[in-house]
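**Q** Sequence lines, in order, name chains A and B. Just add 118 to wherever you are in the first sequence, counting from 1, and you've got the working numbering. Just add 664 to wherever you are in the second sequence, counting from 1, and you've got the working numbering.
Simulated from the structure, these hints should not be mistaken for laboratory data. Any given hint could turn out to be false.
Where chain B lies over chain A, by a calculated footprint (3+ residues, C-beta under 8 Å) [said to hold, decoys possible]: (1) 134-148; (2) 165-175; (3) 178-191.
C-beta: ideal position from N, C-alpha, C; glycine also.
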Amino acid sequence: MINEKPIADQHVGEQLSGFIDGELTQQERQFVTLHCEVCAECRENLERLRALRERIGNASLSEVGEDKWRETMDDPTVQLTRGIGWLLFVAGLLVIAGIGLVGFLFSDDIPVGIKLLMLAIYGGLATLLFSVLRQRLIERKTDKYKDVEI
Amino acid sequence: MKKPEMRQQLIQLGNGAHALATQMLGNGDDAADAVHDAFVKVFRKPEAYDENKGPLTPWFLRVVRNQCLDLIRRRRPVEDTVDELSDSAPGPEASLEIIQRDQELKNAMTELASEQREIIVLRDYMDLSYAEIADVLEIAQGTVMSRLHRARMALKEELIGHD
């Protein structure tokens, strides 16, 4: 339906915001421009909104510098490298322990009782490790952020 | 996107994300924690960002916003704790006049609703397009202009009231 009111009476509201943000179609822009030429109220609003936008853009709403974010960003990197370090350390330790264990079990010089005792210790450690891993897996599965689109 | 490139972009986004979080959470320290947690999450799972689905900025801001919403949910119920927004210390190089003007603006913003503050930060402080804002706030693109305009008009009125 065509608006038959004179252009000066067709006040623009939210289109003023769209206008200063460059989010209007060419036709809408033209209309706002024409209207503001003849409407002092909307023209004043437009200027005030423009000034407000500039003021906010120049304001300092966060005093944290980039250095702080760079440091923050390093945290995950440190965590990752630390994780890799631990992984390598534990893997190496397990291999050496495994070799030692095989040598120990197949040695004829060690009594069977001692062998069983050592097996119990190693078995206990393995059980503890399994328990921790299981707990980690459960935590990961129930992590409330896992479905958050990040 | 390669990790160093992503890292650099995120560092540049830090302040904007912090401003958004501050407006949502009401104080700079909680906001810094929220942004930090968002960084950690992103770097724990960088492959979650799909370049083909859009630019990094709105995606990361959505992560920060989700983090803030989660913090708000976990908090004890409070009305709208924005009193501390005006307490952040200015940098030493800022002149007194600028500090006062910014302070006035921050005070006026505390009078707005949370959704009005966040949309103003996204558009006027971070310069996001309407499409990107819609993406961050998970609202229809058509809603952005009207919400933003209402927010700006409310802020304008508050600033006039402060003068």
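**Q** Look at each hint and say if it fits the structure.
**A** How the hints compare with the structure:
For the stretch 134-148 of chain A, the proposed coverage by chain B is satisfied: 5 residues have a C-beta within less than 8 Å of a C-beta in that chain, meeting the threshold of three. For the stretch 165-175 of chain A, the assignment as covered by chain B holds, since 7 residues bring a beta-carbon within under 8 Å of that chain's beta-carbons and 3 suffice. With 12 residues carrying a beta carbon less than 8 Å from a beta carbon of chain B, the stretch 178-191 of chain A meets the three-residue requirement, and the given coverage holds.
Comparing the model with each earlier hint shows no violations; every hint is respected.
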